[in-house]
Amino acid sequence: MTNQQLQDLINPWFENLAFTEEATEFLTVTVPKEKLHDLAEKLKSNSKTQFDYLFCETGMDWGEELGVIYHLRSTTHGHEMVVKVTTKDRTTANLDTVCDIWKTAELHEREIHDLFGIKFNNHPNMEVLILPPNWDGYPLRKDYVDEVNMIIR
Amino acid sequence: MSYFSEIYRGFKTLINGFRVTHKYFINARKEIVTVQYPEERPVIFDRFKGEVIMPHDENNEHACTGCQACEIACPNGSIEIIWDRVLNEETGKKKKTIDKHIYHLSMCTMCSQCIEACPTGAIIWGQEFEHSVTDRSELTKVLNNPGSKVRADVED
Amino acid sequence: MDYEAQIKKNQFRTEEYKINMGPQHPATHGVLRLNLTIDGEIIKRVEPDLGYIHRGIEKMCEYDSYPQIIHLTDRMDYLSSHNNNEAVALAIEKALEIEVSDRVKYIRTIVGELTRLASHQLWWGVMGMDLGALTSYFYGFRDREVINDIFEETCGARLTMNYSIPGGIRYDIHKNFVQRVKDFIVHFRSKLPEYDQLLTGNIIFEKRMKGVGILSKEDAISYGVSGPVARASGVKSDIRKIKPYSAFAVQDIDFKEPIYTEGDAYSRYKVRIDEMWESMRIIEQLVDNIPEGNIKEPTKAVIKLPKGEFYQRVETARGELGVYINSDGKKSPYRMKFRSPGFSNLSALEDMAVGSKLGDLVAMMATLDLVVPDIDR
Amino acid sequence: MDNKTYIEQLISFFSNDLGWGIWGDVTGWIVVAVVYLAFFAVTGLYLVLMERKVAGWIQLRHGPNRVGPWGLFQTIGDAIKLVTKELTGTAKADKFLYNLAPYFPIVAALISLSVFAFSKDLQAFDINIGLFFLTAVSSVGVIGILLGGWASNNKFALIGAMRSGVQVISYELSVGLSLLTMVLLTGSLQLSEIIEVQRTGGWLIYQGHIPAIIAFMIYMIAGTAETNRAPFDLIEAESELGAGYHTEYSGMKFAYFFLAEFINMFIIAAIAVTVFFGGWLSPFGITEGIEIEWLQAIFGVFWFVLKVGMIIVLMMFFRWTYPRLRIDQVLTLEWKYLLPLNLMNIVLMAIMVWAGFTLPWPF
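Protein chains in written order, with this note's numbering: chain L, 1 to 153; chain E, 154 to 309; chain R, 310 to 686; chain D, 687 to 1049.
Just so you know, these hints were derived from the structure itself, not from any lab.
Ideal Cβ positions, reconstructed from N, Cα and C, are used throughout, including at glycine.
Be aware that one or more of the hints could be misleading.
What the hints assert, rightly or not - For lysine-lysine, the following DSS-like pairs were computed, each having C-alpha atoms within a straight-line distance of at most 30 Å:
hint, chain 1, residue 1, chain 2, residue 2
1, L, K44, L, K103
2, L, K103, R, K639
3, D, K1022, R, K579
4, R, K327, D, K767
5, R, K616, R, K552
6, R, K500, L, K103
7, R, K516, D, K1022
To be verified - Covered by chain R, according to a simulated footprint, are these stretches of chain E (three or more residues, beta-carbon under 8 Å):
hint, stretch
8, 161-172
9, 210-219
10, 287-298
Claimed, not checked - Here are the computed distance ranges between Cβ atoms for each label pair:
hint, chain 1, residue 1, chain 2, residue 2, range
11, E, I168, D, K1022, 40 to 46 Å
12, R, T346, E, I168, 55 to 61 Å
13, E, S259, D, V999, 44 to 50 Å
Please take these sequences and the hints and turn them into a complete structure.
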């Protein structure tokens, strides 16, 4: 399925889906965070899309917003797309987990939780994975400062 | 019956593995691949990236103008250049010259950025690989020889 | 007296206990730490604890210029460092819309396949060692050494090669390169059957590997595993076939993607052995007809990527490496993410391991072929 | 002279010739013990060197070659290192058992050595239940491993110790039964008697042909398992348990375990040689005709050591070729394969001996 066909298929499913396709090879859809889990579930279960392979889950810090980018592929149809979700809440950022849909997300979400401070609701084991338990701050956020270890030239 | 055939198959495969090790055991002298290091020297290829060096010619002159391109290009901050402006007697102009080209081998990741950035080819890769020292500070090297000068034909 | 309590008192009291496998443990190949919950010898729970070698490469990338990023990727999956370099270089080239010459593509592919071979040889050796057959380690390293010499002669380093750069490769191949590669193929074609003779057919080895750590196809897809682990479960996931890059996009190279359906440790082993044969076939097809051409396309002195998001995938020895660059038009990326194959493959470990024995866990980890700096980045 | 072994002669030298009476006996035995101890400690050390050399040659390496010519002093150096090394221990260990454990394997190993006939008339004790004594004593060593693993209060060590208990007790059966198969041929448990049978009738592996070869194979597998060597080294399985039962031991205490493993290997090989390959007898009796008594004794030792060495090299080949089994497979192998085979083999041997199908010695 081409990106345009995918867009036409997915667009009517939910309201407020924002599609962008500039400077990237993938069809990109930005979804409101309340709809994330529903969309993800539908993307996987719908027989025409069948996005069953989450090959990349990226945490993002756009300055004001935090978010997660999901790169999806369908092993049966071979098409790919990107789902973005953002949250404006930087102090108690939380999003719905997708690890019940794609199991690999469990570890990826723990990593994102460590490095971006996004909490994933309904995640079975939301504990620190990479950082030491007493670490302060979220290292991959843009406003993170560590004057000792970060030398910025 | 499959019980016995399995035992037979097991023995056969075990002996099969035995044949490989036995072959090498018999040919032990010929097949040895390890290098007896301090006596036998390994072959070091010309492109081997051992450390950054600054070649000097017979007049104790190098090609470094002190432009600091390497210092900027280095991702790890392993190059520091201490430079000065010295009055050139012939032209009467003040010219940038290096006092010390300090190279921290301990921080270097051999990424080649400095060597590619150098406009005059003053630093190149050296093939030395025996870098182990007992004191970390010995890994901080000054690349230009004491009393060395910039070669006259090198342009900024 | 309470009858129930009396029974309880007289019975053996069994207890689950926790042991720490790693961060310093011979089978974790680095500093991976697994918190195991064990009942006797049966594994009940596996919790990976990462971060012992996390260097924050993704954060460092945000402050480095694009050419500087390349050498950091060497240090991720150090066993397929060239593939990592290639991935970043390809991503930058894609963003800048540079078309490199066919010569560069061919050389990149040959070196990439040699890297895969070297990685699989090391894996074979260490896997044998994990299972207790120490000799395989030395046989694997003997053959890997030949490849490392080829790399040293052409790229200047044995492990962290740092060979691909945005717009090409750093040096042209050495004049001995082609001959050495051919010699190596002849050498390794005679040695690879020995690998099979020593381990593959061995009854102990078969018993240790068959039916161990089964990952079903559905789970494999759901866990996002890639590379040999996915292929052993019957998932076609070879990026060289799905999204051809470098020489795979230029020439129609004849190679098979080995697919097994059992999903156990033994089929993961077989996939990698088959991949070694296939890699040799790929190299043989390419090494004789490397076309002439530029080894480096001119780039600006300071490389700035246009605004946008760029994603490039390559097939490393461990699976699918994705490079995600989010550029805001400056000389450093705004955000750089590496989708490392090891991280996704690790997520499948617990599912495989629960219910099996401690010795099986070692076999599973060996066939997952985890490289810890790749997981931690 | 007449019918006195060399060791009896030595003791009678102290007690009768010097006239020390009972104290002479004691002195004599102490001298014998010290000689045995020193000799087998050195043997153990050189077996380590041999193992490393064999491993090296299999693995395309030189093996140790720096300390002394061909690395001959390497293990002496290692021994000095181990003796002078600090003894560490865990704070929560059961101190008494922890310290006691290393002595079991080494003492058990050294005791078993006392019954071997190294040559004609060179045997410390020629007891009439020799083989039984050997199998009994060699199973004492596992107590040390169990104790050590339990007392060092380390989970990895405990797993290793438990595995060893399970494994050694199982394989004890196969060792015993395969030896019993051969005893059917000899009709005696006394080691000198067993060798005497072979002097006239040919080596037992020849006399007993098919069942003897099967018994030998089973014995080698079970013997390797009993020495806890790869492919049965589950109790230390370095890729699973770190170092297994001796994780918490260092220095000399570790060296006891280590040395015991190698002396045990010697013992297993020596039993195999005595029972299957004619002990100190030369092949085809080529040196038995020599009249000079001391030369014959030396030849006896030579053949014995040569045969033992070959068996040990075989065991080393096992170790460096095969992957390790899993614990349930170890038990499956014993209880499902070796034990039934062994029982069938005993019946076969019994029928053979009863029907007189043993091969006669043609020479």
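Taking the hints in turn, this is what the structure says about them:
{"no.": "1", "hint": "K44(L) with K103(L)", "verdict": "holds, 12 Å"}
{"no.": "2", "hint": "K103(L) with K639(R)", "verdict": "violated, 36 Å"}
{"no.": "3", "hint": "K1022(D) with K579(R)", "verdict": "holds, 29 Å"}
{"no.": "4", "hint": "K327(R) with K767(D)", "verdict": "violated, 35 Å"}
{"no.": "5", "hint": "K616(R) with K552(R)", "verdict": "holds, 23 Å"}
{"no.": "6", "hint": "K500(R) with K103(L)", "verdict": "violated, 40 Å"}
{"no.": "7", "hint": "K516(R) with K1022(D)", "verdict": "holds, 15 Å"}
{"no.": "8", "hint": "161-172", "verdict": "holds (count 7)"}
{"no.": "9", "hint": "210-219", "verdict": "violated (count 0)"}
{"no.": "10", "hint": "287-298", "verdict": "violated (count 0)"}
{"no.": "11", "hint": "I168(E) with K1022(D): 40 to 46 Å", "verdict": "violated, 21 Å"}
{"no.": "12", "hint": "T346(R) with I168(E): 55 to 61 Å", "verdict": "violated, 41 Å"}
{"no.": "13", "hint": "S259(E) with V999(D): 44 to 50 Å", "verdict": "holds, 47 Å"}
Going down the numbered hints, you'll see the structure goes against 2, 4, 6, 9, 10, 11 and 12, while the others check out.
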